[in-house]
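Each number in the working numbering comes from the position in the sequence shown (counting from 1) with 1 added on.
A portion of the hints provided could be inaccurate.
Claimed, not checked - For lysine-lysine, the following DSS-like pairs were computed, each having C-alpha atoms within a straight-line distance of at most 25 Å: (1) Lys-215 / Lys-76; (2) Lys-181 / Lys-156; (3) Lys-285 / Lys-300; (4) Lys-213 / Lys-68; (5) Lys-181 / Lys-76; (6) Lys-300 / Lys-62; (7) Lys-68 / Lys-29; (8) Lys-123 / Lys-62; (9) Lys-112 / Lys-83.
To be clear, the hints were calculated from the coordinates, so they are not data collected in a lab.
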Amino acid sequence: MLLEFSVENYLSFKELATFSMLTAPSVKEHPEHTFPYKNKSLLKTAAIYGANGSGKSNLIKAMKFMKDFVHSSSKESQVGDKINVERFRLSSETDDKPCFFEIIFVQNEIKYRYGFTTDQNKIFSEWLYQTEKTKEAELFYRNEEGIITIGSKFKNAEPLKAIVRNNALFLSVTAQFNIKISIQVLEWFNKNFVVITTDMIGSKLAPTLDSKFKDTNEKTIINNFIKIADLGIDDILVEKSKISENTLPNYLNGEIRKHLLEIESVKISTTHNKYDGKKNLISKETFDLEKNESDGTRKFLGLSTHIIDAILHNHVLIIDEIDARLHSHITRTLIDLFNNYDSTNSQLIFSTHDINLLDKEIMRRDQIWFTEKDNYGSSILYSLVEYKVRNDASFERNYINGRYGAIPILGDFKSILKVNNET
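Given the sequences, and given the hints that come with them, work out the whole structure.
As structure tokens, this is what we get:
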């Protein structure tokens with residue numbers, strides 16, 4: 002479960018921004034949208050609103066960067082390789098300042114606080130703390146000189162200090178060498194912290210479904226999930242095939258030919274009911290998912306596996322632009338699923354422009370976040386809790402009217418078109 006995420010000097014975030022899934026003490030409505038954690042409670046869902054270019058996607062990109070860097074920094078990079086991170090570029094104050102990332106989460110009933118600062122060339126600092134009861138214990142701390150201090154609970158990691166490159170995370174290195182705590186932390190990042198950016202929708206869908214459909218129970222759940230969404234799909238088919246040898250050119254031989262012949266391609270099809278003139282079901286028609294189904298259908302199918310995994314396995318699922326290509330009734334139903342499903346501590350965080358979701362029947366005040374850019378191009382992140390909101394107020398109407406900010410301030414487009422009305 003996610004408690005907090007913080008970022009500074011990354012993309013459009015110049016100043017420190019902290020996103021929290023902790024409930025606000027002042028908010029009492031919809032207790033079913035929360036679940037307990039020790040003497041606190043956490044939110045099941047949270048929405049991020051803002052104008053185009055205000056920083057919504059950049060906040061999610063920051064989460065995605067942290068997840069990917071933790072996973073790959075020690076095993077997919079070499080000495081001297083650049084780190085794929087971009088600082089805030091609209092102020093001279095940040096030119097020589099590293100980017101900051103920190104996350105607080107719970108794994109196996111233990112709270113961890115992990116973070117690092119980095120630029121494109123090296124890690125400046127890195128830290129990992131854990132809290133089992135009430136007191137936070139330092140597991141390791143890495144300073145700007147590259148000196149790493151290791152706590153007593155971070156066992157067997159001392160010899161690994163000497164082999165850490167300046168562009169690799171100590172956490173990733175120690176996980177590669179089977180340090181138990183590091184493996185647990187990486188497992189959370191890899192399996193429990195799922196970030197879906199807009200360019201990922203539908204990617205790797207075929208192999209994902211192929212893997213899921215090997216389990217009859219999971220296949221049934223996914224098929225029923227699609228049927229309930231009223232997409233007109235009766236069934237999903239996953240077909241695997243290999244390249245035929247006679248289709249390969251003769252000049253390809255040896256290991257290359259052998260490798261190509263071993264590759265399996267996966268094709269996804271959907272079936273729809275076919276009726277006669279009297280509305281009697283007579284057969285099933287098969288459609289190619291990529292060629293014949295809509296963008297919205299493909300997106301929903303792509304998201305469905307992540308949504309089901311999150312609900313069943315207590316994942317944190319983060320989706321950028323959840324409403325894009327989906328009907329508002331579908332997005333509302335998905336949010337309601339997370340908010341009101343009792344047997345889970347899963348969390349859904351999403352960015353959206355769908356103002357229909359700004360409804361006090363759907364979201365608590367502490368579940369609603371905004372991003373807005375200041376006059377100097379820096380994104381600011383804040384919660385609706387920071388505003389005094391009357392009990393009878395409409396979140397949607399107040400947002401449209403600019404009461405909470407985070408909307409575009411538009412000029413008169415017609416004035417620059419110089420329309421010539423002469424006949």
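Verification of the supplied hints:
{"no.": "1", "hint": "Lys-215 / Lys-76", "verdict": "violated, 30 Å"}
{"no.": "2", "hint": "Lys-181 / Lys-156", "verdict": "holds, 8 Å"}
{"no.": "3", "hint": "Lys-285 / Lys-300", "verdict": "holds, 23 Å"}
{"no.": "4", "hint": "Lys-213 / Lys-68", "verdict": "holds, 23 Å"}
{"no.": "5", "hint": "Lys-181 / Lys-76", "verdict": "holds, 18 Å"}
{"no.": "6", "hint": "Lys-300 / Lys-62", "verdict": "holds, 19 Å"}
{"no.": "7", "hint": "Lys-68 / Lys-29", "verdict": "violated, 33 Å"}
{"no.": "8", "hint": "Lys-123 / Lys-62", "verdict": "holds, 20 Å"}
{"no.": "9", "hint": "Lys-112 / Lys-83", "verdict": "violated, 31 Å"}
The structure does not agree with the numbered hints 1, 7 and 9 stated previously, though it agrees with the rest.
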